[in-house]
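Number of protein chains: 2
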Amino acid sequence: MNATAQAPQIISKDNLLRHWQGHRALTRRVIEAFPEKEFFEFSIGGMRTFAQLTSELLAIASPALKGIVERDEKPYVENMDNGTTKADYLRKWDEATEEINKNWNLLDVADFNQKFNLFGQYEFPIIDNILYFIDNEIHHRGQGYVYLRALNIEPPFFWER
Amino acid sequence: MNATAQAPQIISKDNLLRHWQGHRALTRRVIEAFPEKEFFEFSIGGMRTFAQLTSELLAIASPALKGIVERDEKPYVENMDNGTTKADYLRKWDEATEEINKNWNLLDVADFNQKFNLFGQYEFPIIDNILYFIDNEIHHRGQGYVYLRALNIEPPFFWER
Chain A
1 MNATAQAPQI ISKDNLLRHW QGHRALTRRV IEAFPEKEFF EFSIGGMRTF
51 AQLTSELLAI ASPALKGIVE RDEKPYVENM DNGTTKADYL RKWDEATEEI
101 NKNWNLLDVA DFNQKFNLFG QYEFPIIDNI LYFIDNEIHH RGQGYVYLRA
151 LNIEPPFFWE R
Chain B
1 MNATAQAPQI ISKDNLLRHW QGHRALTRRV IEAFPEKEFF EFSIGGMRTF
51 AQLTSELLAI ASPALKGIVE RDEKPYVENM DNGTTKADYL RKWDEATEEI
101 NKNWNLLDVA DFNQKFNLFG QYEFPIIDNI LYFIDNEIHH RGQGYVYLRA
151 LNIEPPFFWE R
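As given, the protein sequences belong to chains A and B, one line each in that order.
As numbered in the numbering used here, residues 1 to 161 make up the first sequence, in order.
As numbered in the numbering used here, residues 1 to 161 make up the second sequence, in order.
The following block holds chain A by itself, in its conformation from the complex:
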């Protein structure tokens, strides 16, 4: 047992993954809560639909973590062709969940404070980029909550993960 294993952590690597995946599980329930048609068509104030926002989230989470693990600065590509049904999006979501779990295992605690130029564009310590993915998802999902409320649909409880 070395000093690293003994030292107190603000947050452990396992807990940060659980935190992230807990948020992703909640976003999955928000996708499910949308009626099929409104997922692809509804928006407020000229903003993107929840399908478009979900495409952004899919373009970040798993590809970004893969880029980090492989230290591959390949550019950000937003695939807007994630399918034509909610089920298509949910399948991609679940694939990303698995890939994130796999790639997370390849990270070491010491990696998190190393700088990496994510997507050839965002040169920050890896922890900052990962917190950004989570925050960005919460931000857009909060927008999805307003869409659901405006559609008279009860969103999932925020604290359920």
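Don't read these hints as lab results, they were simulated from the structure.
Check the hints yourself; a few may be wrong.
To be verified - Pairs of lysine-lysine residues, derived as DSSO-like cross-links and limited to a Cα-Cα distance of at most 27 Å, are as follows: (1) A:K13 / B:K115; (2) B:K74 / B:K102; (3) A:K13 / B:K13; (4) A:K115 / A:K66; (5) B:K13 / A:K115; (6) B:K66 / B:K13.
Said to hold, decoys possible - Residues from chain A that face chain B, not an exhaustive set, calculated with beta carbons under 10 Å: (7) P75; (8) N105; (9) D108; (10) K115; (11) L131; (12) I138; (13) H140; (14) Q143; (15) L148.
To be verified - Simulated DEER-style distance windows between Cβ atoms: (16) A:Q21 / B:V109: 23 to 29 Å; (17) A:N79 / B:E160: 44 to 50 Å; (18) A:E123 / B:F158: 28 to 34 Å; (19) B:I153 / A:Q21: 32 to 38 Å; (20) A:N105 / B:E36: 50 to 56 Å; (21) A:D88 / B:N101: 29 to 35 Å.
Ideal Cβ positions, reconstructed from N, Cα and C, are used throughout, including at glycine.
Start from chain A and add chain B according to the hints.
Relative to the frame of chain A, chain B by itself:
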């Protein structure tokens, strides 16, 4: 220098504070972006106004951190009387910013994984409660972004902190 100081951290205590206060600075700019009247009156789908959401955020952040630092399980109290102008709310926001900075200094890295029954109600490791404050703020602020867009007002850039 001991092992703790040497051990790699997923995130340092200083950086987590900077992360939190960065988000709080962005929320402050969202409050500023609202027209005076709409801050107190506008909402979508029967949701709370941004003034009411801000009151919730004020009732959590600084009082919760104080409760954590003092291990005081006093119950959650949402003060809905934060004033009648945006300037009143911004003053309370800035007071909370200072209090958070002061109380943060009283926390030790080892505290973050200790359980504490926040508000006599939320018994979790302290790190989980702190992440919840941040996430809850991002969530409600995301709703504020939709209000601003619906009011035809450009919100501040999400990535500016």
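Kindly indicate which numbered hints from before are broken by the structure, ordering the numbers from low to high. Failing hints, ascending: 7, 8, 10, 17, 18 and 21.
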